[in-house]
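J.: From first to last, the protein sequence lines are chains Y and L. Here the first sequence stands for residues 1 to 148, numbered as in our numbering. Here the second sequence stands for residues 149 to 550, numbered as in our numbering.
Hints were generated in silico from the structure; no laboratory data involved. Computed from a predicted model, the values in this text were never measured in an experiment. Mixed in with the good hints there might be a few duds.
[To be verified] Restraint ranges, calculated between C-beta atoms of paired labels, are given here:
| no. | chain 1 | residue 1 | chain 2 | residue 2 | range |
| --- | --- | --- | --- | --- | --- |
| 1 | L | Gln403 | Y | Thr100 | 46 to 56 Å |
| 2 | Y | Ser106 | L | Phe508 | 52 to 62 Å |
| 3 | Y | Glu72 | L | Val413 | 30 to 40 Å |
| 4 | L | Thr244 | Y | Thr100 | 20 to 30 Å |
[As the list claims (entries may be wrong)] With a straight-line cut-off of 20 Å between C-alpha atoms, the simulated EDC-like cross-links for lysine to aspartate or glutamate are:
| no. | chain 1 | residue 1 | chain 2 | residue 2 |
| --- | --- | --- | --- | --- |
| 5 | L | Lys424 | L | Asp442 |
| 6 | L | Lys424 | L | Glu317 |
| 7 | L | Lys466 | L | Asp407 |
| 8 | L | Lys319 | Y | Glu51 |
| 9 | Y | Lys69 | L | Asp302 |
| 10 | Y | Lys90 | L | Glu340 |
| 11 | L | Lys286 | Y | Glu51 |
Backbone N, C-alpha and C fix where the C-beta goes; we use that ideal spot for every residue, glycine too.
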Amino acid sequence: MKRLPVPVIVAFLVAAVPASASRELGKQSAPFYNVDTEKQVEGTIRELLFEPRYQDKAPFLILVIEEKKTGEVYRAEISPAWFFDYDLHKGESVRIVGSTYAKDDSQYLIARRLQCGGETFFLRDSRGFPSWRGGQMKRVGRHRGRGM
Amino acid sequence: MKRLGWAAVLIAGLSFSASAETLTLGFFQSSTDNLFQTSLPEKDYLSNLAFAFEKSFAPLSFFSRGNYSYLSKNTGVSAYAQEAGLDYVRALSEKTALYLAVKAEGTIYREAYKDFNFLSFGLAAAAKSYLMEGSILKLNYDLDYKDYRLSVFDSLSHYATASLDRYFETKTTLRADLNWGYKTFFHPYADEPVSPGDSPAYQSGLGVMGHAGGPGGGNSPGGGPMGRRKGLVRQGSPGQGQGIQVISLSGLAAQGIGDRLGLRVSGLRQWTLSGKNPFSSIEEFYLIENPSSDVFSWNGHSLAAQLTVEIPWDIQLKLGYTRSRKEFPGIDALDMEGLSLGMLRQDTRNQWEARLEKNFRSLSVYLNYTSVDNRSNDLLFDWRGHFLTAGVEWNINWGARE
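Use the sequences and the hints to build the structure in full.
T.: As C-alpha cells, this is what we get:
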C-alpha cells in the first residue's frame, strides 16, 4: 500500500502560486467591454480567424460577420481559442450581442452572448466580465487539457 | 494529521483564488436512488462545492480547480479533488491554432474509498484548423498517468482523436471522428484476489459496509464493499502488466431549426483491438470515479439524440436520449451467487436526460435530471436509476475588465 503524498499536492500547488498576481490587477487592455455601446448583430459568418487580441493572452477566435440587414461587416471577438470548443463554421448564421467600437475604418464587436444552431453561449456576464476566467466549471466533463 | 492535510490543500487552493482576478464558486446538490448503480439500489445525496480560476502568464496560463464532494449517507466516500495546470495556445496561422497543456490532479477520498486515492499527471495537445468551405479539422491527443494508493490500478493511457466536419447551407453539420486509445495497467494482478477496502482499518471504520462472497450477502445493500463484489482484483503474477487497445468510429449530424432549436444525432462504434480488462468486475458509481470503468473497458455501440431549445426568459433546455450496447472483454457475467455464467458481460442501456440552464448577471443556475435503465446479463448490474442535480455558479470579478 502506498501512502497518499498529500504534501506533494500541497507543494505542487504552492510552487505554482502566481508570484505577482497583483501585477495584472488594474492592467486594462484597450478597448475594453463597454456596456453603453452594446448592440445585437444578426448575420452570416464569412471568415473564422485566430488572432492575438490582448497582450500576454492566448489568441482569440474572431468571426468576420456580415450583418443581414445592412450588409455591414463586423469583426467579432468571441473568446480565447481554448475556451470555445463549440465548432462554428463559415456560412453559419449567428446572432451576437456585444459591445461595438470602430477602429481603422472597421467595425468591431466584443461578443457577450452568441446564439447559433439553436444554442446560446454566454461569453461574458451582463457587465462584460469574461466567463472564461475561472469558468472551468461551466465545462463540466470537459476540463481544460482536453483540446479546443 | 489527516485533517491538517485536508486543511492545507483547501488553504492552498483558496490562496490561489485570492490572487486570481475572477473566482468562480459553484454549489451543486444531487440526489440519486442508485448511487452504486446495481440491482440493489442505495439512495444518497451528494453536495459538491467547487471553485475555479485561471490566470495568464504570457505565453502560458495557469488554471486550477478544486471540488469537495460530500455524501450524506456514504460519508466515507466523500472526497476532495484538486486539479492544476499550465496551458499554452498559439495561433500557427489565421486558420490554425495549437493547444498544449500539462496538468496534475489529486483526489483524496475518506476512509471507505481511500484505496482509490490517486495522483495523476496529464499532457494534452490539440490542433484545430478552419479549412475552406465550412470544414473544420481537429486533432487531439491526451496522455494520462495515474498513481493510485492501491497500486494495482496504476495506469498510463494514450487517447488520440481525429475529427473532420462540414457545414452545409441547409444549416446541417456532418462530422466524422476516428478515435484510438491504448491503456496499460502496470501491475493489475495480486497474489490473491482482493477488493479495495479489505484492510482492517476499512472494516472497523465502516462496519455498515461489510463484504461477503456475493451480492446481497453482506451488511450493505450491495453485499460487497459499497455494493461491489468481493475480489475486484484478480489473482496473478503481481509484476505482470495488462494493456487494452481500442479504436472507434463516430459520426454526428446536427441540424439548426430556426434560431431557437437545434437537433443532434450521433452514433459510435467501438472495437477492442487487443487486450482485455484485468479486473473481475466493471463498476460505475454516480459522480464518483472508479478506475475499473472508463472508455477502454468496453466495446460496442451507442446512438444518441439531443434537442436544444431556447425557451422563454432565455432559459436553455436540452433533452437527450442515449442508447448503448456494451460488452466488457475479460469480464464474465456472474449470477447472484457470484458464479460465472460462461459468457462475457453485456449491458444495454437506455438513458434520458433533461437539462435547464439560466444565466443571470453573474449567477448561473442549472437543473439536470437523468433516468437510466441498464439491462445486463449480469444480474447485479441489471439496474435502474434516477439522478437529479441542481446547481448554482457565482462569478466574482474584481480584476480588469477586458
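J.: When the hints from earlier in the document are held up against this structure, which numbers fail?
T.: Structure breaks hints 1, 2, 6, 8, 9, 10.
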